[in-house]
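All chains should be modelled from the sequences, with the hints used to inform the complete structure.
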Amino acid sequence: MASERAADRRDQAVRAAVEQGLLGEAQPVAALLDVAGIRSCAAALRAAFAAVTDAPVLHAFAVKAAPLVPVLALLHAEGIGAEVASPGELALARAAGVEPGRTVLDSPAKTPAELREALALGIAVNADNPQELARIDALIASASSRSPLGLRVNPQVGGGAIGALSTATATSKFGVALRDEGARDWVVRAYLDRPWLTRLHTHSGSQGLPLSLMAQGIQVLYELAEEINTAAGRQQIDTLDIGGGLPVNFTSDEQSPAFADYARLLKERVPGVLDGRYGLVTEFGRSLLAKHGTVLARVEYAKTAGSRPIAVTHAGVQVATRTVYDPASWPLRIAAYDPKGSPKAGPAVPQDIAGPACFAGDLLAENRPLPLLEQGDVIAALDTGAYCFSNHYGYNSLPRPGIYGFVTGAETADGTAVRFATVRSPQSLAEIVAESGGAHPDTLLTP
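Using this note's numbering, the first residue of the sequence shown is number 7, and each one after it goes up by one.
To be clear, the hints were calculated from the coordinates, so they are not data collected in a lab.
Certain hints may be false.
Below are the DSS-like pairs computed for lysine-lysine, each with C-alpha atoms no more than 30 angstroms apart in a straight line [claimed, not checked]: (1) Lys346 <-> Lys309; (2) Lys309 <-> Lys350; (3) Lys273 <-> Lys70.
Across the chosen pairs, the derived CB separations fall in these ranges [what the hints assert, rightly or not]: (4) Asp199 <-> Gly443: 48 to 56 angstroms; (5) Gly27 <-> Ala50: 31 to 39 angstroms; (6) Leu378 <-> Ala97: 45 to 53 angstroms.
All C-beta atoms in this analysis are idealised placements derived from N, C-alpha and C, irrespective of residue type, glycine included.
Written as structure tokens, this is what we have:
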């Protein structure tokens, strides 16, 4: 099974990371990315939609999920574009070689400068609200653009299990709220007044959202597109941006739900979206990367408190921020390894996996049954390829860990067991000082 192969590759990589010194006393935390897993996932996404539609589909990776240039370049090589939501994310996508024609700009707070740059480059833009659309009116009146342009709408179909990630609630900050009084009529008129508006966009949320609710949001999008095209007397809207949001299974190595499950559901529930009349854009992020990343950390100390064992490690809030602050919504699997990087054996003992930050809640797992961890052992926080180590949180000025992509066995160029490539070098103390105003130590003494 694919999940078993992924687990085997991970075990090989953990052992090799210890043997090759990527993890040790000098670097007590490191992150790994499974290149084969990422490639396979991208292929599965492409195949899933190719199986249900002949229409052109741009799969644009949500850069916020893993804002790393080598990751974006790898996905680009696998036929995946980029969905960006800030000037920084756009800069990363461009550095990775993603063409403007395969880039989509979304954000609820685009500045005039951001819009001007996107329009000059020919990047697709989804306007978030009437005021932004008015800005675009002015910009395209002063300079022509080849950018595909659309509007984001909020179908207001409701939220999922995680409110903070539910973007189709009645009061979500994103898009034009379609059920608000007069909003739908305004949207239709906005398109009729602007023949150059050719896309329509929605995104109902991500983790914690059932597929049925995602499909419901896309049904609303499709019906609105049909209404606009009927009113226009032509197919003015030619592309539907259906967002991303496929949830990730954090309880096992299984990649479920699969992209194919979602594509089949759309074929069943909203067949008109896939009948070839509309081009499609998707914006998946977490579902492409999460299962293929692992954080490794040495157990610096093993202690007890209230008779409960505690493994004090170097991985905590800085690499798994959501898990630490909201463990019920973002639980992580933890795997135990011995000091040589081999899977640790022994009876399961409930214990806490603590991070290095100076507050009591910095825990990756609480009362988790694992072989009893000892000083010098290694823990692995699984499924952390998205929104974790790539999105560093600088609490206690903890340095960003090194990130390494790996391939194993026959996948390597020279047939060695495991080969690593640096994705991001470990942050040095000098870099921390420089980023914290180190060049201006006396500036507040003589304002």
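The hints, checked one at a time:
no.: 1; hint: Lys346 <-> Lys309; result: holds (21 angstroms)
no.: 2; hint: Lys309 <-> Lys350; result: holds (18 angstroms)
no.: 3; hint: Lys273 <-> Lys70; result: holds (28 angstroms)
no.: 4; hint: Asp199 <-> Gly443: 48 to 56 angstroms; result: holds (49 angstroms)
no.: 5; hint: Gly27 <-> Ala50: 31 to 39 angstroms; result: holds (34 angstroms)
no.: 6; hint: Leu378 <-> Ala97: 45 to 53 angstroms; result: holds (46 angstroms)
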